[in-house]
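A.B. asks: One letter stands for each residue in the lines below.
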Amino acid sequence: MSESATPQNFDLEVNGISYPISADQGKNLLSVIREDVGLTGTKEGCDDCECGACMVLLDGQPVNSCSYLAVQAQGRTVTTIEGVMQGEEMHALQRNLLDEGGVQCGFCTPGMIMSAHALLDRNSNPTPEDVKIGLSGNLCRCTGYAKILAAVEKTAAE
Amino acid sequence: MSLNEAPKFVRADGPDKVTGSGRYTADMNMTGQLVAKFRYADVAHARVTKIDVSAAKATPGVLAVLTAADVPDLRYSPVVPDRTLFVKDVVRFEGEIVAAVAAVNAATAQAAVDSIVFEYDGLPVVTDLEAALADGSPIVHEGWESYGVSGDTVQRPNVASFSSIEKGDIRAGLAAADHVITSRYVADASHALPIEPRAVLAQWEGNKVTIWTSTQVPFDARNGVCETLQMPSSRVRIIVPHLGGGFGGKCGFHFEAHIAALARASKRPVKLVFSRREEFLAPDRRREGMIVDITTGVTNDGTITAREGWIAIDNGAYTADAAFFPQLAAMHVAGPYVSPNVFVESSLVYTNHQPSGSVRAPTAPQACWALESHTDEIARTIGMDPVDFRRKNTVDEGLEGPAAQVYGEIGLRRCLETAVANSAYGSQLPENEAVGVAVGWWPSFPGPSGAYIKVDADGSGQIITGAQECGTGSVMTLRYLAAEELGMEPEDFELVYQDTSAAPYDTGATGSQTLLNNGRAVIEGAREVAAQLRDVAADQLEAAAGDIVLADGFAHVSGSPDRNVSIVELAGIAAEGEMLIGKGSGTPPDYPTVSATCVGDQGVAGWAGPQFSCHAVRVRLDRDTGVVRVLEISAAHDSGTIINPIAAHGQVEGGITMGIGQALSEGTVYGDDAKQRNAGLLEYKLQTAADAPLVTTEFIEIPDPNAGPRGAKGLAEAPNVPTAAAIANAVAQLIGEPVRQLPMTPERVWAVSEGSSS
Ligand code: FES
Ligand code: FES
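Heads up: the sequence lines are chains A and B, in that order.
Under the working numbering, the first sequence has 4 at position 4, and the numbering climbs by one with no breaks.
Under the working numbering, the second sequence has 34 at position 34, and the numbering climbs by one with no breaks.
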């Protein structure tokens with residue numbers, strides 16, 4: 001038995017760069033991003049669509065990349081945590097998460113930022129309840145969420 | 001200090017973590033690396049009849065297959081050495097490892113694992129704590145008498161460790177009471193559940209192995225590898241990349257030796273990454289299930305005359321670090337209350353469940369939930385306000401605790417007043433809302449710890465520490481302590497940490513001890529460097545070294561700020577000759593001695609730096625469904641001096657959220673076969689952002705002279721202690737009686753509510 005029984009060749013655009021991929025048809029987007037593209041900022045916490053650590057943006061929409069086939073992402077644009085920086089400058093979400101103390105172990109942080117990014121893209125003036133709902137697919141075991149919610153609200157208010 | 005006044009806390013690891021550039025263990029890869037997979041027993045109690053790995057070994061792409069026959073034949077674990085790396089003759093829980101495979105890719109490794117022939121004769125499973133203690137129960141560890149336990153550990157059939165605490169005359173105390181109240185509470189097991197599943201990567205060069213691993217305790221992990229593979233510590237190096245949380249679940253020594261042994265056998269780097277399901281099933285660190293029987297005698301005026309307790313703790317199949325749990329649980333069931341007569345017996349009971357181990361404040365949330373629910377029962381029985389009852393009976397300065405420790409200035413009663421005052425307690429609420437109050441306590445853990453401090457030629461500082469950052473920010477805070485001693489800025493320091501070959505020993509991210517112990521070491525090391533800097537400055541400024549002040553990046557002569565030289569310049573001068581290098585360790589604070597009679601003493605009856613807390617929780621109950629929602633929590637904590645307020649608030653908020661989970665949704669469900677039935681995040685529910693209540697925290701800052709730097713005590717575990725208890729007391733007010741099982745799921749709340757109204 002081998003992992004690449006039926007390799008599929010396709011191009012995948014991640015953070016504005018197109019990568020030629022040769023991967024098993026059944027390989028999920030998370031594994032392709034981490035292993036084939038080589039970007040490890042996107043995390044795996046459950047492989048079960050339950051934790052949100054693997055959150056990326058697909059054409060701007062948040063998806064759990066563990067539960068999405070990589071081949072289906074061809075022709076679309078993928079944004080990962082590595083694509084969030086604006087040049088040498090941190091995105092306001094990144095800066096505010098640090099300033100507010102919303103980062104502890106940091107394992108949920110990339111997924112959290114991607115969900116918050118998507119939320120603010122579709123709603124630049126969210127209520128606190130909107131923020132809670134927008135982040136409810138991302139589990140954090142460290143912070144109790146309060147400082148993460150504060151950071152996102154602060155970003156929205158800027 | 002309010003958060004608004006606090007200096008901004010800059011995490012040295014922050015940019016790594018928000019940009020995705022920080023490396024966690026699963027992100028590390030080596031050229032030539034193989035994938036490791038384990039074959040688990042998948043049966044909870046059985047006698048092995050056959051293990052045949054020949055097909056696995058013959059599988060193309062498989063480079064190593066290991067079983068018990070391939071590693072030194074010995075049992076390990078601190079205090080109660082009852083564990084082996086691989087199953088030998090008897091399986092005692094479903095997650096035991098029968099064999100380990102290293103192969104060129106995951107699919108090949110899995111196919112090899114599946115080809116292993118594992119045959120056994122099933123044995124009766126031990127799951128019920130009381131049945132396990134009864135005569136004639138099947139014995140989980142035949143031959144336990146020969147295990148060679150250390151210290152004063154007391155064992156009995158199916159009891160890995162027994163402790164009791166006895167003070168005064170319990171019979172006379174109960175006889176003197178006007179009311180004797182007895183309760184039973186039963187808590188399910190639960191999980192630490194860090195979001196990062198564990199990972200291990202091992203590589204040999206010559207006869208030395210380097211292991212990158214997601215452990216909270218790198219030195220324990222190293223010592224475990226040394227012990228089980230019989231190697232000196234000079235040939236084992238543990239490096240922890242960024243750690244994605246632990247909460248105790250990643251304490252102890254786990255799978256590092258298996259992977260090191262696979263890497264040695266295959267002559268390749270080998271990497272293990274756990275699935276979430278494995279994370280639920282295989283580690284020997286889950287929060288223990290518990291039965292608590294508690295009896296209190298009180299007089300009509302609400303004075304405690306006696307407290308008696310009986311505790312059975314589910315050890316699971318192996319003891320890991322849990323030998324001290326009975327004594328710790330006994331302290332929590334006796335609680336932070338004054339009682340002249342105390343008798344608590346506590347047993348750590350072997351079952352065929354997954355092993356228990358230190359998860360954030362082990363034994364305390366469950367025992368506190370039992371005690372504080374019982375305390376509200378007492379208050380209801382005698383018609384006293386439950387807060388008044390606590391005002392009257394809690395420990396305070398000059399008073400004696402259950403093990404006869406007499407306390408110095410402590411903040412428990414101030415915590416009580418503060419948390420209650422900041423809550424809606426006593427005010428008019430909707431009929432489906434109530435505020436519950438609970439107090440809690442937790443020890444600090446003094447221990448040895450070390451650090452080196454350097455200042456390089458360009459004036460950059462380095463802290464080389466054995467301490468482990470688990471996310472709390474406690475290692476990050478070390479920069480502030482060093483900077484203050486040296487008149488430098490926190491940002492001037494690089495942290496070199498989580499590498500057993502670089503730094504001196506530290507206990508690790510366990511027992512909320514990093515700042516308490518390593519803070520002391522860093523300050524002492526920095527003081528050595530400060531003395532060296534003063535010597536160089538004294539030469540430059542033609543003054544006495546004793547008159548040199550280090551502040552704001554300069555050394556100046558006391559009283560003459562203009563006579564100064566920059567630390568950068570001094571560092572440059574020192575680099576040409578006697579370099580700026582300091583080392584620190586320091587003497588840990590003393591453990592207080594206690595005069596109560598402690599059978600099976602494990603050293604946790606006398607508490608250094610005791611931490612106190614009170615949570616007041618407002619909940620709303622949906623009476624039709626039994627669903628409880630936590631609306632607001634007012635928390636007050638005495639953890640001594642708070643050095644890093646923003647991180648301290650983060651610990652309280654995170655601990656409370658974990659406590660809400662334990663209270664309402666987090667519980668392991670076992671089948672009759674002793675196997676977990678909800679080993680996944682779909683069935684085992686954590687709190688989400690949508691559930692997050694409003695949390696208000698105040699710190700009662702009383703510097704403790706027998707604790708850490710500036711009188712700081714531990715903090716990270718304490719917020720986990722009284723949350724479930726406070727929620728329980730709110731729920732009991734709403735439905736008329738306590739829910740006697742934890743977690744208080746909607747089904748359980750609804751059942752009690754129906755029972756009491758019908
Ligand atoms: S790893 Fe994708 S949701 Fe958890
Ligand atoms: S910061 Fe650790 S899981 Fe969120």
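Among these hints, one or two may not hold up.
From the derived model, a few chain A residues whose C-beta atoms are all more than 12 Å from chain B [claimed, not checked]:
#, residue
1, Gln8
2, Asp11
3, Glu13
4, Leu69
5, Leu120
6, Gly137
Cut-off 30 Å, straight-line C-alpha distance, at most; resulting in silico cross-link-like pairs (DSS-like, lysine-lysine) [stated by the list, open to error]:
#, chain 1, residue 1, chain 2, residue 2
7, A, Lys27, B, Lys208
8, B, Lys57, A, Lys27
9, B, Lys208, B, Lys50
10, B, Lys57, B, Lys88
Quick caveat, the hints were computed from the structure, so don't treat them as lab data.
All residues carry an ideal CB built from backbone N, CA and C; glycine is no exception.
A.B. asks: Each hint needs a verdict: does it hold in this structure or not?
C.D. replies: So, going through the hints one by one against the coordinates:
no., hint, verdict
1, Gln8, "holds (16 Å)"
2, Asp11, "holds (22 Å)"
3, Glu13, "holds (18 Å)"
4, Leu69, "holds (17 Å)"
5, Leu120, "holds (15 Å)"
6, Gly137, "violated (8 Å)"
7, A:Lys27 with B:Lys208, "violated (36 Å)"
8, B:Lys57 with A:Lys27, "holds (27 Å)"
9, B:Lys208 with B:Lys50, "violated (34 Å)"
10, B:Lys57 with B:Lys88, "holds (19 Å)"
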